Amino acid sequence: MTAVLQIDQLCKSFVGVQALAGVSFAIEEGSITGLIGPNGSGKSTTIDCVSGFQKIDSGRVLLSGKDITGRPPQAVARAGLMRTFQTVRLYERFSLRDNLTIAAQQFDAAGWVDELLRTARYRDATAAAETRTSELLGLVGLSRYVDADASVLSYGQKKLLALAAALMPRPAIVVLDEPVAGVNPTRIREVEDILRGLNSAGQTFLVIEHNVEFITNLCRRVIVLDQGRKLAEGTPAEIHRDARVLEAYLGLTPETSATEMQGAA
Amino acid sequence: MEVDATYLAQLTANGIILGLLYALIAVGLALIFGVLEIINFAHGELLMIGAYAMTFMLPAVGLLYWPSLAVATAVVALCGLLMYELFLSRLRPGEFERSILVTLALSIIILHVVQYAFSASPRIVDTQYGFDGWTIGAIRVTWTRIVGSGVALVAFVFLYVVLKHTRFGRAMRAVAQNREAALMVGVEPKVVARNAVALAAALCGMAGAALAPIQLVSPIMGQALIFKAFALIIIGGLGNVPGVIAAAVGLGLMESWVGGFFEIVWQETAVFVVMIAVLLLRPDGLFKQGTMRVG
Amino acid sequence: MKLLSAISATLLLGALPFFTSSNYVIGVAISACIFTTAAAALNLVYGYTGLLSFAQLGFWGIGGYATALTVMTFGGSFWLGLVWAALIDTAIALAIGYPAVRTNRHAFVIVTLAFALLVTLVARDWVSLTRGPLGIPGLPAPNLFGFEFKTTPLFYWIAYGYALLALGLLYALCTSRIGRTLVAIKQNEPLVRAQGISPVPYKLAAFAVGAAITGVGGGIYAFHLKIIDPLFLDFYYMQTFLIIVITGGAGSYWGVIAAGLIMSTLPEVLRFSADFRMIVYGVVLLLAVFAMPGGVGGWLHERRLARARAGLI
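Protein chains in written order, with my numbering: chain Z, 1 to 265; chain U, 266 to 560; chain S, 561 to 873.
Treat the hints loosely; a few may be bogus.
[To be verified] If you only want the chain S side, here are some residues facing chain U, beta carbon under 7 Å, derived: (1) 674; (2) 678; (3) 840.
Simulated from the structure, these hints should not be mistaken for lab results. Note that the structure is predicted; figures quoted are calculated from it, not measured. C-beta: ideal position from N, C-alpha, C; glycine also.
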């Protein structure tokens, strides 16, 4: 299987702090991978660097084989990587419909001339966006709010909308930055099911989360970061047994961890 | 072009004095920006109020300079307080554009109320010092100018002491650097902000009062100076107090020298071109971004 | 409903010279057309894109001087002057806009302010070009293939035509994807970039279009006044444009047009003195910022929103 996203020796330091000290991993197509690690391990920095929101000191990022190292966010998005944000980002004053159609705008073939002249290309693009919007809103259960301003949604609903927006252009990979942080437990199950469903239909995901149970249930592979480096990689079960991980992150011994695993299964 | 040494010295003296007064105005702006992240468009009108207060006080107390200056400064400080309590306190930290609109509105109202009440005709006012001056060799400086710059110097020393050595000063610097962190250590941003505005207004009002005997007082006198003050806080660095003072004195000197040798015409333009260049090349100003550095 | 009132208002305004022969009234209408359009241009830059640009004043002045100089110094026609106004303003907007939109918010506002003041200084000081404080008086009536727009009612149709064309262009822009993208940029620029859209070309386009429209408006206004001098760049004009945008509602197309028409005519009706008028402007601006930050347009939108929210519960 091909690697959709490949990161080689990514390094990044802020004033006096080495946030990333050589992070490397690869995300296979069609996989759903979790990225976990203690606070300050470099999870968000890695994603910010990959998606172009932070400058990279050294290292390489390849997306579907193309070198996107250091490219600005809009170029990364156009190359096929869509992401969500830890503090949910939406257009609060737009309707849900508009929130989603903008997310697809850059990816259709219609330009402003097409729009002005209402060419067939424009009408086709608009119709396709409409269909996809209904499809995704139905998937996340927000269909009845389609014409409401995004500001009326609850926090959990907003996170779902942000997910839907990221999915609009059918990107090669969707990176979710803490998709269930601050979301209530019933909703978390819902998100799990949605992501699992999308993944079985072929969408590749990279999920950053603190909620280890969520990652354990959802992801077939987990990458653990610690102090700006990859500490371990494997199935959730393997991670739970890995002594280094337990020590650095979970603060558990293999025995107590096994209990955790049983509880999560 | 032969340069007469005494002429140059005279220009330099005038330039420094002018620069110190510019600095008083600009520092107030810098303080307000550092603590509230607001650019106070009404700052020029505060200066103008100080000048007008001076023109009313002086005749009332028999042209005594110091009491008039004190009263004028107090009046403007009070205006600053009012401005904060009634309007600025209602603005939240991130609302930069809104703050501009509010202070712009206040500037319009104050200017036109004064113009309506006192007419647009410029006023001249006299002080106990009259036109007497101090002469060193061939250079002559009037007392009003000397006293004016002395006041400015004392104000800067006072400001330095306040910022570096008092709780209030440290609180101001803390809020300027990091509002949330300051909140966590018990600093009350609103109190600090209110006092910072009052202090900045006082400085500005003092500058206006000091200017009143030196030049013509009119309702629009603040407008011309305020844009130069903007230029200074940009070039000196938003919130960087020593940088602003240095830039101000530099501007005063430059205006004086250029004005003395060339047509005054292009030096204002030059200031704005420099300002635009600095803004585009280094949005933090020529001097390093201070967020209220003291030195 | 909106469309109907818009069309009827447009037709009524177009027929104004037939309703009245008072040059004073028509003069007010000319100002209303021009100021409303200039405010709508500012609305595109500030209301839609979120860029508080004081540069509009500079473009207004440059447009006025460009048109006047084309006619008086270079012997061209009024219409050519307007073309030059648009071209020069667009070029300058792109030149300073490119670095300006890439800096932070604070710097952008101050740069545009500095630019406006710079233009004022140049108008006053570059005497060989602009004739300095004396200005350029005696601007002649526009001439189209021999037909002279000599009287005020005739001139009205130039202002009216300009308003119609410019506002139409702005309408097309604001209701298109481009307009929607501008509003998205204003709301959440990082999200826009994360969705594959580069904000800079959009900001530049809005800035340039705003500049060109304002410049042409300035040219027409100068020939209405029949003189141009540095007072043309008085901050008063910028304040007027801003107040119209804020009271109408930054980002509200129709709100700003309504506010423009009202703010241009009301002071005349009430016969205020110049100072009093400005005081009222200041108070209105203050009230708008605190009590109705979205202007009339925003207030209406909030009401609709509240109803929608109630309906969803």
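Consistency of the hints with the structure:
Taking 7 Å as the C-beta contact cut-off toward chain U, the hint placing residue 674(S) at the interface holds, the least distance being around 5 Å. The criterion of a C-beta within 7 Å of any C-beta in chain U is met by residue 678(S), whose closest approach is roughly 5 Å, and the hint holds. For the restraint placing residue 840(S) at the interface with chain U, the shortest Cβ-Cβ distance is roughly 9 Å, beyond the 7 Å limit, so the hint is violated.
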